[in-house]
Amino acid sequence: MSLRLRASLAVEIHAELCRAYPEEGCGVLVGRDLGGAREVERAIPFENRREDSRHNRYLIAPEQFLAAEKEARAAGLDVVGFFHSHPDHPARPSAFDLENAWPFYSYLIVSVERGRAADSRSWRLAEDRSAFEPETLEILPEADPLARVPSPARGGVDGR
Amino acid sequence: MKTRTRVHIPTPLRPYVAQQSVVEIEAATVGEALRELVARHDQLRRHLFDESGRLRRYVNVYRNEEDVRHLQGEETPLSSSDTVSIVPSIAGGSQGEGGRSQSATVPGARRGPAPPAWATGEDGLPPLGPEELLRYGRHLILPEVGLEGQRKLKAASVLVVGAGGLGSPLALYLAAAGVGRIGLVDFDRVEESNLQRQILHGTSSVGQPKLDSAAARLSDLNPHVRVEAHEVRLTSENALDILRPYDVVVDGTDNFPTRYLVNDACTLLGKPNVYGSIFRFEGQASVFDARRGPCYRCLYPDPPPPGLVPSCAEGGVLGVLPGVIGVIQGIETIKLILGVGESLIGRLLLFDALALRFRELTLRKDPECPLCGERPSIKELIDYQAFCGIAPEEQAGAEAADWEIGVRELEAQRARGEDFTLIDVREPHEYEIARIPGSTLIPLHHLPERMSELDSSREIVLHCHHGQRSMRALQMLRQAGFRKLKNLRGGIDSWSREVDPSVPRY
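Residue numbers (the working numbering), protein chains in the order written: chain A, 27 to 186; chain B, 5 to 510.
Chain B with its partners taken away, still in its complex shape (with noise of 0.2 Å):
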């Protein structure tokens, strides 16, 4: 959309522009804003624009406060209230003077070729060396790639939220790919149920801080890359912080409120944020940028009631399903820095690993969005704990602590032939691989139709996997009036470490 903007001229190109200091041009991107500008002063352009049609390298261009090469370049956008600015860059040098006689003949005359600027820099984005000649060969014979595009990979920063599932391919493609600075945040430490998917880390990396094995994996796939690890939860305190060093943002977790606080603190600081999300065989992902489409609020206004949407520790994931969304991702994030072809922007993409099938819905960008609508009532960070429904810590804790009991409390009761019935909420398919004697399967999504098998003046006690899935089977039962209840804490995961090792482990 074309807005009317104001730019700023310096004065060395005042005369070219009937010594105005701001001209007033209708454009949707800075690019737009000063092709039009040498359209209707043509003495201008041989100033700002070289032989070829480009941006001379000195010549700089600011939205408001900031150089458009941190933006998205050409393409950055600009929307009524910003200004364009044409700063001066000063370079010059001795070298390619030939002789050293005092007698200036044509001053200034071309003498020999000057060396290339990918080898320089002093175009403004970075050199490559030799070693990377060789290494990004095959992106270097790609027209829509070349020399050009290599070094705005490698002039680029991502900040991917997440090492786990998504995050893997995503931040391993990204380092072979040559993007210079990839910004990790995560504070888990490896398990061995991640190695399924999260090909990151290795099996000798179990127990150790996820950035440490993915720092090691990442530097030697790719010496040329610098990464940045940030091992903190992301929070409303530092999200801005953590992001605002970064040109693309990625979103690779697995709960709504990050999820909610990675789109609010990217619309706030006007990032592209690429989207991918996984559950047992199906995959979305979208590129949400405000400034130029929706954004996760247009999509998804309200987040689901906590519990509803099971995560992949709870509903499984196919190993290799967050492979294919992470590598989309990372598809959109190097299209993004290139600035080519046609980005996710205003499309979801939905995959199906099952039917192998991809499909596309359209989104539109919500007017009435609370974030990036046209009336935004959001305008800072905020609790996004409170905003899923998520009770703060230490109160659900406190709350559950009631009505939860510990594997080796109910090893005593049972030991001392005490009468409760032990429920089991998992799904069939994991009795079938772990159970605790005398339990009797219920899953939790049959609950509410066999409620009258149980006798509600016997203790009840339920267990699921880790205690997420028996927590909410105790509320339920608890809204229909049980009240002898007790929920298994860590579930039969806890009683296979503590009580009977010979429980398998899943």
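With the rest of the complex left out, here is chain A (with noise of 0.2 Å):
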């Protein structure tokens, strides 16, 4: 299982939840689902709709899901899954993400420490909701030669 995700969408992304700390943000992955891999189109960041312990928690409400995927249909792709920020906190799910968790959907989680992307991993649901499983991050290189592709060293996307 791999989530696939073009360089400058990554840049999008940190530079989103970089904007949102010291809060959480979050938004939503359209793309295609291809079996196990899926290769994301788009990123759609949401407003956080928690209206308290937004440095810990994020909400992304139903009717967001709802526009999300009313612009994915239109695109002909589908929402494969979310990404939100860990504010100094490990790319990894919290009880509270377990908790809350959809089957099927792919889970991207950067860890934003001091204000920078530190660390991306992704996740999805174990079939039991037991916990959640890593899926392999593949960040594809531009076609564009001056698309700005971050360096690991910069700790950048994948940060080993």
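Possibly wrong hints are sitting among the right ones.
[Said to hold, decoys possible] Calculated cross-link-like contacts (lysine-lysine; reagent style DSBU-like; alpha-carbon spacing at most 35 Å): (1) B:Lys-488 with A:Lys-96; (2) B:Lys-339 with B:Lys-6; (3) B:Lys-383 with B:Lys-339; (4) B:Lys-383 with B:Lys-369; (5) B:Lys-369 with B:Lys-6; (6) B:Lys-6 with A:Lys-96.
[Stated by the list, open to error] With the Cβ distance kept under 7 Å, some of the chain A side facing chain B (calculated, not the full set): (7) Glu-50; (8) Asn-82; (9) Tyr-84; (10) Pro-88; (11) Asp-123; (12) Trp-128; (13) Arg-155; (14) Leu-166.
These are calculated hints, taken from the structure and not from any lab test. Quick reminder that beta carbons are idealized off the backbone N, C-alpha and C, glycines included.
Dock the two chains into a complex; use the hints.
Printed below as a string of structure tokens:
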């Protein structure tokens, strides 16, 4: 299982989540499910709908989800997952993430350390809801040589 | 009644229902549809319901375009054209994560208890603060209310139409109970004669708009409640917009046009209408919800002819009576919000204060009802004044003016020694309180048999308390052939205010 993300999209997502720091940022990943792997075509950032505890909680409301789904359908795509940040916390799902998880979707978590994106990992819920299982995050180089590909050495996308 | 309903399954759950995007289910309510769905597709159960069998907090259920949380939750009824959709909300966050180690051992393992939902509100219901826990303690220890029920009350919104006799006790108890948002519709000012029963208002607020005094009283009673004032007359033009943002509507009106208007607007919007009415020593209450039972029109398809049923201002009302009926409306409203007990839907409760008896009638939905029957003909709000046979104000005013005389004019006629007969059509006990010197008492209901006492060749001036009963007396006499008639505008009340203050006002 893997999640494929163009580098420019990863940069967009990171920028969005750094803007939200010290609060959690969030959004929807739209793309194609190809069986095991899925390709993200668009990332739609959403306002964090939590009214409190936004430093360690996020919420994408049903109407936001419906809006994203509509946009996806119109482009012949599907909602394939979500992204959110863990400000000053590792990019691993919390117990709270697990309790609220939907099956099928990819959950891309970005650790934002002191305002900078430090680590990104993607997860899917296990069939029995007992845990999140890691999936490979593939960052695809851009066809455009001018696109800024974040370097892992600078604390970029993959972090390792 | 079970109907066939289409349940839309979101992409992530399709693997558990053989990749179908729509499943057809026979069910009467949303809750029943979901339970039938997981009974058929057991793999789906753990994704929709938690271990205690409750819908998971991130599972949102829509009936057509509306979140059932804003309708009646799992009790939301279904009809054959409805579709049910399961819509994800996506939540999470870093909290609950213990150490900062990057070496993920067991991803997502539970670490320590998360704060309870009632304190954070993450299950969609609003959280309760410490003062609220203290305030609502007696509710919280009732298993039928408890934390969840109290939070449902806080999440709920109720529109009270009329801040008068019924609206007063009702709004006070709803605010005290912690209903989160209370809307009030009224455009009157507080008068002394209101204070005998309208306990929202006090002597110090006489002359103020009722909504000002109501909002002040309710906010003082419970600062956790949001009071929304709609200082307008409810009309066919504004009713849908005013009612729409509320979960439950309570009818505390005192006239037929508004009662039909509230009923029709509630039915068109699919909202429950908690009904109450009072007269003298008797009251009625019911809950009209056309989705689950009859509406007011099933009970009373046509309004009474204008003037047949006197208002409380004309007929009187025992001040404590609206307390009983308003509080029954309050109980029904709170039961609807909590989803507990047996509602008054389909039952008409009759209360007789003199005999101190409650009776109950069973109400049936009328399949021929023009509003909620099988072939409805009313699909939008109509002109309720015309429906109730009440002429538009200008027209009625112009017509009435021809037959009216003002109190000063009458006094001038008297001073000039002009010849006329003054007939008082009030009741003997009113005559005892106050009378205009020289008047003859013929109570309205005795007028038909006592008409022969009147001389049609002399001018007859009719009066009552405010001028309404005497206007009806005038119409009766006109039909009997009398022509030299005048109605005293404003009745004995105006006489007392403008001509002779020694005549007591009541």
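Taking the hints in turn, this is what the structure says about them:
{"no.": "1", "hint": "B:Lys-488 with A:Lys-96", "result": "violated (74 Å)"}
{"no.": "2", "hint": "B:Lys-339 with B:Lys-6", "result": "holds (24 Å)"}
{"no.": "3", "hint": "B:Lys-383 with B:Lys-339", "result": "holds (29 Å)"}
{"no.": "4", "hint": "B:Lys-383 with B:Lys-369", "result": "holds (18 Å)"}
{"no.": "5", "hint": "B:Lys-369 with B:Lys-6", "result": "holds (17 Å)"}
{"no.": "6", "hint": "B:Lys-6 with A:Lys-96", "result": "holds (31 Å)"}
{"no.": "7", "hint": "Glu-50", "result": "holds (6 Å)"}
{"no.": "8", "hint": "Asn-82", "result": "holds (4 Å)"}
{"no.": "9", "hint": "Tyr-84", "result": "holds (6 Å)"}
{"no.": "10", "hint": "Pro-88", "result": "holds (4 Å)"}
{"no.": "11", "hint": "Asp-123", "result": "holds (4 Å)"}
{"no.": "12", "hint": "Trp-128", "result": "holds (5 Å)"}
{"no.": "13", "hint": "Arg-155", "result": "holds (6 Å)"}
{"no.": "14", "hint": "Leu-166", "result": "violated (23 Å)"}
The structure fails hints 1, 14 (numbered hints given earlier, in ascending order).
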